[in-house]
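Those sequence lines, one after another, are chains H and G. Letter 253 of the first sequence, counting from 1, is numbered 1638 in this note's numbering, and no numbers are missing. Letter 263 of the second sequence, counting from 1, is numbered 1648 in this note's numbering, and no numbers are missing.
A portion of the hints provided could be inaccurate.
Identical copies go unnamed one by one, so any copy, or any two together, can satisfy a pair.
[Stated by the list, open to error] Using 27 Å as the maximum straight-line C-alpha spacing, the simulated DSS-like pairs for lysine-lysine come out as follows:
#	residue 1	residue 2
1	Lys-1708	Lys-1639
2	Lys-1422	Lys-1493
3	Lys-1650	Lys-1726
4	Lys-1577	Lys-1493
5	Lys-1577	Lys-1461
Just so you know, the hints here were simulated from the structure itself, not pulled from any lab data.
There are 2 protein chains.
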Amino acid sequence: MIYNMTDKIRTEISTLGEFGLIDHLTEGIELRAPSTKRGVGDDAAVLEYPAGRQVLVTTDLLMEGIHFDLTYTPLKHLGYKAAVVNFSDIYAMNGTPRQITVSIALSKRFSVEDMDELYGGIRLACRTYGVDIVGGDTTPSLTGLAISITCVGEAEKDDIVYRDGAKENDLVCVSGDLGAAYMGLQLLEREKVVLKGEKDVQPDFAGKEYLLERQLRPEARRDIIEKLATAGIRPTAMMDISDGLSSELMHICKQSRAGCRVYEKEIPIDYQTAVMAEEFNMNLTTCALNGGEDYELLFTVPIADHETIAEMEGIRVIGYITKPELGLALITRDGQEFELKAQGWNPLSE
Amino acid sequence: MIYNMTDKIRTEISTLGEFGLIDHLTEGIELRAPSTKRGVGDDAAVLEYPAGRQVLVTTDLLMEGIHFDLTYTPLKHLGYKAAVVNFSDIYAMNGTPRQITVSIALSKRFSVEDMDELYGGIRLACRTYGVDIVGGDTTPSLTGLAISITCVGEAEKDDIVYRDGAKENDLVCVSGDLGAAYMGLQLLEREKVVLKGEKDVQPDFAGKEYLLERQLRPEARRDIIEKLATAGIRPTAMMDISDGLSSELMHICKQSRAGCRVYEKEIPIDYQTAVMAEEFNMNLTTCALNGGEDYELLFTVPIADHETIAEMEGIRVIGYITKPELGLALITRDGQEFELKAQGWNPLSE
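Whole structure, please, built from the sequences with the hints as guidance.
As structure tokens, this is what we get:
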């Protein structure tokens, strides 16, 4: 689990230079999407989408020490996650990711083998989701590692789902379960302290594999998008849950000029998440509402779809959309009503 | 010229938070390109290009201390340049830039006012070139500033010019003049030493404004692309000169499986560049060949276009394309022949 650089052969990046490194990393890359006309190797990649298809563009910048900690994040998993979180944004528009560009800034402590690991994870994610790497940039950094990925996707114009389409009485749904990635992070942070010898506790991941997987190697919910399409359900609003359920509900309600009522007892939480929250003496609902990095889908559907959606595995109806003046309400297990506040991961505030 | 943070009002970014900062920076952004359907504010931007148009994608990651030095780079100029270098890549494909995404990682030493400067430069570049800001990411950094910009552009399929189309006997052309941005950098680096009090020399930029402008606030050669189109000339190969003429000639010759002969006396150099090289006791041709950051266009045209191209202002024929086995040759003023080697800016080699 813990990434140990010292066991490995180390080739300095300076032996390849920038162009050599790019050639090395992109060697044997296949272009699979019919929309990819030219990939790496010119001033720009060239894409061509069929008439009537709209093009989706999303981007993420991940900084070492802010978004990831290499003391417990294997570089291959980091690469995989960096790609997948971008795919997730395209699925959240009800689209299909097709191409990415990958820019990496790295300090001298990284070797060619490290870059192979990182890029290997990105390439694995691309193979898994059918996405082409079509360009990027590789540059030195004075300090840590920075990864910037831009993803291009496509969708039929009428299929695209925005955040602003939720209507009164629509059902609020989430896929999968929430809070596990956050508990995985807590677990890894505890482990880090253990490794530093600052506490006399043995590392113990047994029975907690799911939490680690959710934190270190999340997947994008392509399957949910496909299921909804097959069932003939088109969400009225949708986004992916990266900052936490509360924060994302606020985005959808604000942009849709609506309110919502969600029920604590309906929020899907995995057993391991619950056990871990108890072990850490944390409020489970707070973790599920504000934990972030779940990369599940939050979406609303017309109430007419209730029967169909209620029967779909992996989707939970957690509440409904109201008039805006009713605000965002959480109904607790004992029937009390609280106003939802976003306490999501917002590192630019204090 | 020198950017002084201490004279300014300082608002901490933490007072706004991530979403507040994004709202603040993107406030009042207008979407001008007909191909932009939705900009900032959802999981992804939505674009739609007319049938038959191909989509160009290019990206750049700029790191503080590697690509820019804030002791002499005004943030507004940095923003302008960060955007323009991406536009330059799209023009180098014979396309038109239409949208960008802007990701910024910033440490606590930056204020809201600093971000206004940086973003102001990006927005000015976008207005000047008719490009929309459609998305991005804003995140903290433990150390310096990182800027990642991805640019999307468009072109008719048959208009796109790649690096691999140069043919034997084609003329090798460059726009503008070379080496000035590099001399501007030398000048600023000297000024930095002066400011540190390490040398007893007075800062002196008089008569050197052009060099500073070329380094700090380059433009992309949209005008050259338009001129060529008006004259009915379609280059056979093209790229922009960012790493230096030698390095770019090698890319074109390698990808086109060709060689070239270029003439030292034909390489366009500005008077100020020449004066400065003498002052610094540097070889002028070496500066022009390997300086980099010129953002001029290097392209090849069929020899049949010779008469037309020779008359076009701002374009110089510097040589011609040969069989690959003849290699890349520089013919000096005194008629000697040297093999061209790329010594361009390659910070990942030692």
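Against the structure, the hints:
| no. | hint | verdict |
| --- | --- | --- |
| 1 | Lys-1708 / Lys-1639 | within (11 Å within a copy, 63 Å between copies) |
| 2 | Lys-1422 / Lys-1493 | neither (34 Å within a copy, 42 Å between copies) |
| 3 | Lys-1650 / Lys-1726 | within (18 Å within a copy, 69 Å between copies) |
| 4 | Lys-1577 / Lys-1493 | both (24 Å within a copy, 25 Å between copies) |
| 5 | Lys-1577 / Lys-1461 | within (19 Å within a copy, 41 Å between copies) |
Against the hints set out earlier in the document, a violation occurs for number 2 only.
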